[in-house]
Amino acid sequence: MSTEFELTVFTSTVLLLSAINTEVLQPIKLRKASMLSMKNISKVFKTDLVETHALRDFNLEVQEGEFVAVTGPSGSGKTTFLNIAGLLEGFTSGEFSLDGVNVSNLSDNNSAKVRNEKIGFIFQGFNLIPDLNLAENVEVPLRYRGMKASERKRRVESALEQVGLGARMKHLPTQLSGGQQQRVAIARALAGEPRFLLADEPTGNLDSLMARQVMELLENINQQGTTIIMVTHDPELARRAQRNIQIVDGQVCDFSMYQQAATGTR
Amino acid sequence: MLHIKPILSSLMRSKSAPILLLLQIILSVAIVANASFIINERLSLMQRESGYAEDQILTFSVYNFDPAIDNIKQNEVDQLILRALPNVIDASYSNMLPLSGSGWMDRWVDSPNEDTAKSTPGFAFYLGNEHLLNVMGAKLIAGRNFSADEINTNLGDSGMLALVSQPLAKAFWGDESPLGKTMYQGDQTVTVVGVVDKLQGAWIDHENFEYSVIQNIDFGGSSSNKTYMVRALPEHIPALEEAIRKALNAENPNRVLDNFQTLTELKSLTYSNHRLMATVLSIMVVLLLLITALGLTGMVMFNIQRRTKQIGTRRALGANKRDIIQYFMVENYLICIVGGVIGGMLALVLGQQLMSLYSLPMVPMIYPIISVIGLLIVTTLAVIVPAAKAANISPAMATRSV
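Those sequence lines, one after another, are chains X and S.
For the first sequence, this note's numbering gives the first residue as 1, with consecutive numbering after it.
For the second sequence, this note's numbering gives the first residue as 267, with consecutive numbering after it.
If you're looking for bench data, these hints aren't it; they were derived computationally from the structure.
Mixed in with the good hints there might be a few duds.
With the Cβ distance kept under 8 angstroms, some of the chain X side facing chain S (calculated, not the full set) [said to hold, decoys possible]: (1) N83; (2) L88; (3) E89; (4) T92; (5) E95; (6) R115.
Backbone N, C-alpha and C fix where the C-beta goes; we use that ideal spot for every residue, glycine too.
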């Protein structure tokens with residue numbers, strides 16, 4: 001975390017402390033370590049004829065333990081932000097740190113290692129491998145980490161239990177409903193015990209009941225301390241996050257904080 | 267880590283394409299193993315040492331049409347003329363030409379008593395004078411050559427002597443020396459006076475190809491058509507045909523001289539079927555391996571296209587490029603190894619059938635093993651390029667709607 005940002009947060013904290021009752025001692029939480037820090041990030045897609053600025057001077061700080069919702073109209077740059085935040089693609093300029101480590105110039109192998117060890121991905125289309133059963137699907141990132149079989153087994157069982165699918169480990173993804181498939185994808189993301197989760201429209205392919213279940217699951221995970229950044233179209237879901245970011249034309253245009261801790265709602 | 271278990275699970279759950287490829291590999295291994303064995307057999311036959319000075323021997327035929335000719339006298343004169351030619355090392359009549367596919371065969375017995383007599387294996391039956399051994403370039407390893415005064419002109423003459431090839435001597439007499447042994451050829455007795463290291467017959471595919479005998483009969487006088495062998499250094503061979511024609515026609519122009527060819531050319535002609543077979547089978551093996559390689563490449567490319575999002579997801583979940591390449595390599599190695607093992611067994615069964623139907627030797631185990639190794643190399647070459655292409659799929663593919 002930069003000194004400047006720390007100072008700003010600290011000043012805000014002092015002002016808040018002077019104005020509200022002592023129950024709102026959330027500023028102590030806000031001084032947690034920075035999980036994601038993007039400074040002046042820009043991403044330009046070039047063709048022979050045209051240059052498209054997907055992100056421009058994009059700045060964002062996400063602290064450890066936060067649940068941040070990212071919204072914005074189609075084509076605003078949400079997916080580009082998600083891809084860069086998840087080290088799925090590079091960026092044109094700027095500085096980017098993850099969990100306190102500068103990841104601006106990582107090699108392909110190191111990017112893969114960081115993705116594997118620090119980031120859990122939840123995709124809109126679940127992205128489960130249809131030929132593998134649930135346990136094998138959840139095991140995929142653990143295998144790439146070179147984890148021992150016994151430890152893999154323990155984590156797979158634990159993760160599937162956590163999402164309520166411990167009894168269906170040998171089932172194939174096609175034998176599950178959409179909501180169940182997304183829960184498997186969440187188990188896959190959790191099994192690696194990541195530092196933060198990146199969710200790309202996690203309820204986009206689900207009906208409202210399933211969506212609510214998945215959202216509750218994500219909230220539970222966040223309450224256990226995992227940082228979550230969720231890209232969504234759904235304003236109702238976004239409102240349930242601690243913090244809401246809007247991206248318009250490749251820039252953060254609205255940065256509002258919900259004092260959910262103060263109001264007691266999540 | 268090779269991640270064999272999930273790859274196997276995945277293969278077992280979408281079987282159609284892998285099974286088709288597996289069948290192709292099984293058949294390829296079975297055919298390639300047997301074809302390789304046959305090719306090697308043929309090459310081994312072609313590479314056998316003959317023991318003859320092949321590139322120094324010029325052979326030719328003489329056809330006499332003059333009814334008044336004295337064949338015995340003409341034969342003697344012609345050989346003297348040939349030996350007197352410049353650069354000629356030696357020259358001799360021979361009733362048959364080695365490695366030519368055409369000649370004489372006989373066998374002896376070791377007793378005049380038909381009930382107790384033991385017969386030698388069949389052997390190539392060369393008739394010639396004391397010069398023949400030198401013309402052939404064959405190496406005498408025991409005993410002696412014939413002397414000039416021991417040469418007969420007819421099969422029925424008495425005082426028959428013989429030189430035998432070492433393989434024939436070992437086959438019939440074992441470790442005992444054949445020298446001085448008296449054998450029976452019809453009513454004639456034949457005494458073995460020498461053993462020659464190697465003396466191949468005329469029939470390259472015959473099991474007794476290495477069993478040969480030279481008897482002391484200059485038979486050229488018994489027929490108006492004769493074959494001669496003339497030995498000279500290879501650099502003198504090209505000019506020799508003209509010199510021979512000129513000299514023999516000067517002596518007697520009423521005859522035809524034909525079929526001039528070196529023993530190397532004669533051998534090459536005789537082995538041409540084997541060479542053709544080896545070439546055709548080699549082309550077939552290469553085509554089969556190429557088709558298999560194309561099949562593998564096709565399946566990998568199809569799988570890459572089908573699994574683009576899956577590859578992107580794997581990359582997003584932490585697979586590096588090497589993991590992706592390894593995934594496709596292991597997947598195809600598994601198919602190749604399973605196909606190779608089944609194909610290898612099929613090759614042995616097929617080999618047994620060929621053995622019983624066409625009297626071919628049993629295919630040794632090494633051929634299926636080499637075929638599988640060859641196939642693994644082909645698999646590597648066929649899969650590595652598309653797999654490397656798959657590894658370049660961006661992890662961002664995981665978030666795209668494809």
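Closer than 8 angstroms between Cβ atoms is the bar; does E95/X clear it against chain S? Give me holds or violated.
20 angstroms, violated
Report holds or violated for the interface hint on T92/X, using the least CB-CB distance to chain S and a cut-off of 8 angstroms.
Not OK, violated: T92/X not within 8 angstroms of chain S, min 15 angstroms.
Using the nearest Cβ pair, does R115/X come within less than 8 angstroms of chain S?
Result: holds, 5 angstroms to nearest chain S Cβ.
Restraint satisfaction for N83/X [CB to CB of chain S, less than 8 angstroms]:
5 angstroms, holds
Satisfaction of the L88/X interface hint, Cβ to chain S closer than 8 angstroms
4 angstroms, holds
Given E89/X as an interface hint, is the shortest Cβ-Cβ distance to chain S below 8 angstroms?
4 angstroms, holds
Checked against the numbered hints above, the structure violates hints 4 and 5; every other hint is satisfied.
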